[in-house]
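Based on the sequences and whatever the hints tell you, model everything.
In this note's numbering, each residue's number is its place in the sequence shown (first place is 1) plus 481.
Calculated directly from the structure, the hints in this document are not laboratory data. Accuracy of the hints is not assured; some may be wrong.
To be verified - Straight-line distance between alpha carbons at most 30 Å, and here's what the computed DSS-like set of lysine-lysine pairs gives: (1) Lys704 / Lys568; (2) Lys704 / Lys665; (3) Lys568 / Lys707.
What the hints assert, rightly or not - Here are the simulated distance ranges between beta carbons: (4) Gln522 / Ile685: 34 to 40 Å; (5) Arg706 / Ile620: 25 to 31 Å; (6) Ser552 / Ile620: 22 to 28 Å; (7) Thr583 / Ile620: 22 to 28 Å; (8) Gly688 / Gly587: 19 to 25 Å; (9) Gly533 / Trp567: 22 to 28 Å; (10) Glu486 / Arg520: 44 to 50 Å; (11) Leu588 / Ser552: 36 to 42 Å; (12) Ser589 / Asp489: 40 to 46 Å; (13) Ser584 / Ile557: 16 to 22 Å; (14) Thr677 / Ile557: 41 to 47 Å.
From a predicted model like this one, the values you see are computed outputs, not experimental measurements. In this text, a Cβ means the ideal position worked out from N, Cα and C, and glycines have one as well.
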Amino acid sequence: MHGIEAADFLTVGLLVLLEAALSADNALVLAVLVLPLPREQQTKALRYGIIGAFAFRIIATLFAVHLIAWSWIKLIGGLYLLYLPWKHFRHHEGGGKPKAATSMFGLSPFWSTVIRVELTDVVFAIDSILVAVGMSRKIWVIITGGLLGILAMRVLIGQVLGLVRRYPAIVDGAYVIVAWVGVKLLIEYAHAMHWTTFEVPRAIAIGVVLVLFVLSAIYAVLKERKRPSPA
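Have a look at this one:
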(Lines of atoms letter the chains of each structure in order from A; the text may use other names.)
(Lines give C-alpha, C1' and ligand atoms only; values in the text may rest on other atoms or scores of the structure.)
Protein backbone atom coordinates (compact mmCIF):
# COMPACT_ATOMS: atom_id res chain seq x y z
CA MET A 482 0.00 0.00 0.00
CA HIS A 483 2.80 2.39 0.93
CA GLY A 484 5.38 1.19 -1.59
CA ILE A 485 6.12 2.94 -4.86
CA GLU A 486 4.60 1.17 -7.84
CA ALA A 487 4.67 1.83 -11.58
CA ALA A 488 0.94 2.53 -11.44
CA ASP A 489 1.65 5.43 -9.08
CA PHE A 490 3.62 7.30 -11.76
CA LEU A 491 0.82 6.65 -14.25
CA THR A 492 -1.64 8.10 -11.72
CA VAL A 493 0.56 11.19 -11.27
CA GLY A 494 0.58 11.69 -15.04
CA LEU A 495 -3.19 11.33 -15.21
CA LEU A 496 -3.62 13.84 -12.39
CA VAL A 497 -1.44 16.39 -14.20
CA LEU A 498 -3.41 15.91 -17.43
CA LEU A 499 -6.69 16.16 -15.53
CA GLU A 500 -5.58 19.35 -13.77
CA ALA A 501 -4.48 20.89 -17.06
CA ALA A 502 -7.72 19.92 -18.81
CA LEU A 503 -9.92 21.31 -16.04
CA SER A 504 -7.87 24.46 -15.44
CA ALA A 505 -8.80 26.41 -18.59
CA ASP A 506 -11.47 28.36 -16.73
CA ASN A 507 -9.25 28.63 -13.64
CA ALA A 508 -6.45 30.13 -15.73
CA LEU A 509 -8.78 32.69 -17.28
CA VAL A 510 -10.09 33.76 -13.88
CA LEU A 511 -6.60 34.18 -12.43
CA ALA A 512 -5.42 36.03 -15.54
CA VAL A 513 -8.35 38.43 -15.20
CA LEU A 514 -7.48 39.03 -11.54
CA VAL A 515 -3.91 40.19 -12.31
CA LEU A 516 -4.75 42.19 -15.45
CA PRO A 517 -5.46 45.45 -13.57
CA LEU A 518 -1.85 45.49 -12.36
CA PRO A 519 0.93 47.11 -14.39
CA ARG A 520 2.36 44.62 -16.87
CA GLU A 521 5.66 44.24 -15.00
CA GLN A 522 3.78 43.25 -11.81
CA GLN A 523 1.41 40.69 -13.34
CA THR A 524 3.92 37.83 -13.54
CA LYS A 525 5.29 38.74 -10.11
CA ALA A 526 1.80 38.51 -8.57
CA LEU A 527 1.29 35.07 -10.12
CA ARG A 528 4.71 34.00 -8.84
CA TYR A 529 3.76 34.89 -5.27
CA GLY A 530 0.39 33.27 -5.85
CA ILE A 531 1.95 29.97 -6.90
CA ILE A 532 3.93 29.79 -3.63
CA GLY A 533 0.72 30.08 -1.65
CA ALA A 534 -1.01 27.60 -3.94
CA PHE A 535 1.75 25.04 -3.32
CA ALA A 536 1.49 25.48 0.46
CA PHE A 537 -2.30 25.24 0.48
CA ARG A 538 -2.30 22.20 -1.82
CA ILE A 539 0.02 20.29 0.52
CA ILE A 540 -1.86 21.24 3.70
CA ALA A 541 -5.28 20.63 2.18
CA THR A 542 -4.23 17.24 0.81
CA LEU A 543 -3.27 16.12 4.31
CA PHE A 544 -6.79 17.02 5.46
CA ALA A 545 -8.57 16.04 2.24
CA VAL A 546 -11.17 13.93 4.01
CA HIS A 547 -12.50 17.08 5.69
CA LEU A 548 -12.82 19.14 2.49
CA ILE A 549 -16.27 17.70 1.74
CA ALA A 550 -17.60 19.83 4.61
CA TRP A 551 -16.19 23.00 2.99
CA SER A 552 -19.09 23.45 0.55
CA TRP A 553 -19.58 27.02 1.80
CA ILE A 554 -16.34 27.99 0.03
CA LYS A 555 -18.06 27.33 -3.29
CA LEU A 556 -20.89 29.65 -2.27
CA ILE A 557 -18.50 32.48 -1.40
CA GLY A 558 -16.33 31.79 -4.45
CA GLY A 559 -19.31 31.69 -6.81
CA LEU A 560 -20.72 34.97 -5.50
CA TYR A 561 -17.32 36.64 -5.74
CA LEU A 562 -16.79 35.46 -9.32
CA LEU A 563 -20.22 36.85 -10.24
CA TYR A 564 -19.30 40.15 -8.60
CA LEU A 565 -16.18 40.54 -10.78
CA PRO A 566 -17.99 40.72 -14.17
CA TRP A 567 -20.77 42.85 -12.65
CA LYS A 568 -18.12 45.32 -11.50
CA HIS A 569 -16.40 45.18 -14.90
CA PHE A 570 -19.50 45.80 -17.03
CA ARG A 571 -21.22 48.25 -14.66
CA HIS A 572 -19.22 51.22 -15.95
CA HIS A 573 -18.01 49.56 -19.13
CA GLU A 574 -16.44 51.96 -21.61
CA GLY A 575 -15.58 49.45 -24.31
CA GLY A 576 -12.22 48.22 -25.50
CA GLY A 577 -11.99 45.53 -22.85
CA LYS A 578 -9.20 47.24 -20.93
CA PRO A 579 -9.37 46.53 -17.19
CA LYS A 580 -9.48 49.32 -14.64
CA ALA A 581 -6.57 49.95 -12.31
CA ALA A 582 -6.09 47.50 -9.45
CA THR A 583 -7.83 48.43 -6.21
CA SER A 584 -6.69 48.08 -2.60
CA MET A 585 -8.30 46.14 0.24
CA PHE A 586 -7.56 45.73 3.94
CA GLY A 587 -5.28 48.77 3.69
CA LEU A 588 -2.78 46.87 1.51
CA SER A 589 -1.21 48.07 -1.71
CA PRO A 590 -2.97 47.20 -5.00
CA PHE A 591 -0.23 44.63 -5.71
CA TRP A 592 -0.59 42.71 -2.45
CA SER A 593 -4.38 43.02 -2.60
CA THR A 594 -4.23 41.30 -5.98
CA VAL A 595 -1.94 38.57 -4.62
CA ILE A 596 -4.49 37.86 -1.86
CA ARG A 597 -7.30 37.66 -4.44
CA VAL A 598 -5.25 35.16 -6.44
CA GLU A 599 -4.53 33.10 -3.33
CA LEU A 600 -8.17 32.97 -2.23
CA THR A 601 -9.32 32.04 -5.73
CA ASP A 602 -6.71 29.27 -5.81
CA VAL A 603 -8.24 27.89 -2.62
CA VAL A 604 -11.69 27.67 -4.22
CA PHE A 605 -10.37 25.92 -7.33
CA ALA A 606 -8.07 23.55 -5.45
CA ILE A 607 -10.80 21.83 -3.43
CA ASP A 608 -12.41 20.01 -6.35
CA SER A 609 -9.02 19.00 -7.75
CA ILE A 610 -7.94 17.50 -4.45
CA LEU A 611 -11.16 15.54 -4.02
CA VAL A 612 -10.78 14.12 -7.53
CA ALA A 613 -7.17 13.21 -6.75
CA VAL A 614 -8.18 11.42 -3.54
CA GLY A 615 -10.65 9.39 -5.58
CA MET A 616 -7.81 8.24 -7.88
CA SER A 617 -5.22 7.41 -5.24
CA ARG A 618 -4.93 7.16 -1.47
CA LYS A 619 -1.18 7.77 -1.43
CA ILE A 620 -0.36 11.24 -0.15
CA TRP A 621 2.83 11.62 -2.22
CA VAL A 622 0.95 10.74 -5.42
CA ILE A 623 -1.79 13.28 -4.72
CA ILE A 624 0.65 16.05 -3.77
CA THR A 625 3.01 15.41 -6.70
CA GLY A 626 0.19 15.32 -9.24
CA GLY A 627 -1.38 18.43 -7.73
CA LEU A 628 1.82 20.49 -7.65
CA LEU A 629 2.74 19.57 -11.22
CA GLY A 630 -0.82 20.42 -12.20
CA ILE A 631 -0.43 23.89 -10.65
CA LEU A 632 2.70 24.44 -12.74
CA ALA A 633 0.78 23.38 -15.86
CA MET A 634 -1.96 25.88 -15.01
CA ARG A 635 0.56 28.69 -14.54
CA VAL A 636 1.99 27.98 -18.00
CA LEU A 637 -1.55 28.21 -19.37
CA ILE A 638 -2.09 31.52 -17.55
CA GLY A 639 1.04 32.91 -19.21
CA GLN A 640 -0.37 32.03 -22.62
CA VAL A 641 -3.72 33.63 -21.74
CA LEU A 642 -2.02 36.84 -20.58
CA GLY A 643 -0.05 37.01 -23.82
CA LEU A 644 -3.23 36.65 -25.86
CA VAL A 645 -5.02 39.34 -23.84
CA ARG A 646 -2.13 41.77 -24.24
CA ARG A 647 -2.30 41.30 -28.01
CA TYR A 648 -6.10 41.48 -28.21
CA PRO A 649 -7.33 43.64 -25.26
CA ALA A 650 -11.02 43.27 -26.23
CA ILE A 651 -10.88 39.60 -25.24
CA VAL A 652 -11.10 40.78 -21.62
CA ASP A 653 -14.85 41.29 -22.03
CA GLY A 654 -15.25 37.66 -23.10
CA ALA A 655 -13.02 36.55 -20.25
CA TYR A 656 -15.36 38.21 -17.77
CA VAL A 657 -18.30 36.36 -19.35
CA ILE A 658 -16.39 33.12 -18.72
CA VAL A 659 -15.72 34.25 -15.13
CA ALA A 660 -19.49 34.71 -14.70
CA TRP A 661 -20.09 31.19 -16.04
CA VAL A 662 -17.57 29.74 -13.59
CA GLY A 663 -19.35 31.60 -10.77
CA VAL A 664 -22.72 30.17 -11.83
CA LYS A 665 -21.19 26.68 -12.01
CA LEU A 666 -19.83 26.99 -8.46
CA LEU A 667 -23.25 28.07 -7.16
CA ILE A 668 -24.89 25.10 -8.89
CA GLU A 669 -22.30 22.79 -7.32
CA TYR A 670 -23.01 24.35 -3.91
CA ALA A 671 -26.76 23.83 -4.34
CA HIS A 672 -26.11 20.20 -5.32
CA ALA A 673 -23.82 19.67 -2.32
CA MET A 674 -26.53 21.05 -0.03
CA HIS A 675 -29.09 18.69 -1.67
CA TRP A 676 -31.20 21.63 -2.83
CA THR A 677 -31.20 20.23 -6.36
CA THR A 678 -30.29 17.02 -8.12
CA PHE A 679 -28.96 18.91 -11.13
CA GLU A 680 -25.19 18.98 -11.55
CA VAL A 681 -23.19 20.38 -14.45
CA PRO A 682 -21.23 17.50 -16.07
CA ARG A 683 -17.51 18.26 -16.36
CA ALA A 684 -17.56 17.69 -20.12
CA ILE A 685 -20.30 20.29 -20.56
CA ALA A 686 -18.56 22.75 -18.19
CA ILE A 687 -15.34 22.50 -20.20
CA GLY A 688 -17.24 22.69 -23.49
CA VAL A 689 -19.01 25.92 -22.46
CA VAL A 690 -15.66 27.49 -21.52
CA LEU A 691 -14.11 26.51 -24.85
CA VAL A 692 -17.08 27.85 -26.86
CA LEU A 693 -17.10 31.14 -24.93
CA PHE A 694 -13.35 31.47 -25.33
CA VAL A 695 -13.49 30.89 -29.10
CA LEU A 696 -16.31 33.43 -29.45
CA SER A 697 -14.38 35.91 -27.32
CA ALA A 698 -11.26 35.44 -29.43
CA ILE A 699 -13.20 35.97 -32.68
CA TYR A 700 -14.83 39.11 -31.26
CA ALA A 701 -11.46 40.47 -30.08
CA VAL A 702 -9.71 39.80 -33.40
CA LEU A 703 -12.50 41.45 -35.42
CA LYS A 704 -12.52 44.45 -33.10
CA GLU A 705 -8.72 44.76 -33.34
CA ARG A 706 -8.90 44.74 -37.15
CA LYS A 707 -11.50 47.53 -37.13
CA ARG A 708 -9.31 49.69 -34.90
CA PRO A 709 -7.73 52.52 -36.94
CA SER A 710 -4.00 52.17 -37.46
CA PRO A 711 -1.81 54.72 -35.68
CA ALA A 712 -0.65 57.51 -37.93
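Hint check results:
1. Lys704 / Lys568: holds (22 Å)
2. Lys704 / Lys665: holds (29 Å)
3. Lys568 / Lys707: It holds: about 27 Å lies between the C-alpha atoms, which stays within 30 Å.
4. Gln522 / Ile685: 34 to 40 Å: holds (36 Å)
5. Arg706 / Ile620: 25 to 31 Å: At roughly 52 Å between Cβ atoms, Ile620 and Arg706 fall outside 25 to 31 Å, so the hint is violated.
6. Ser552 / Ile620: 22 to 28 Å: The hinted range 22 to 28 Å holds for Ser552 and Ile620, with Cβ atoms some 23 Å apart.
7. Thr583 / Ile620: 22 to 28 Å: Given range 22 to 28 Å: violated, Cβ gap about 39 Å.
8. Gly688 / Gly587: 19 to 25 Å: 42 Å Cβ-Cβ, so the 19 to 25 Å window is violated.
9. Gly533 / Trp567: 22 to 28 Å: Given a distance of about 26 Å, which is inside 22 to 28 Å, the answer is holds.
10. Glu486 / Arg520: 44 to 50 Å: 46 Å Cβ-Cβ, so the 44 to 50 Å window holds.
11. Leu588 / Ser552: 36 to 42 Å: violated (29 Å)
12. Ser589 / Asp489: 40 to 46 Å: Since Ser589 and Asp489 have Cβ atoms about 43 Å apart, the given range 40 to 46 Å holds.
13. Ser584 / Ile557: 16 to 22 Å: holds (20 Å)
14. Thr677 / Ile557: 41 to 47 Å: violated (19 Å)
Hints 5, 7, 8, 11, 14, counting from the list given before, are not met by this structure.
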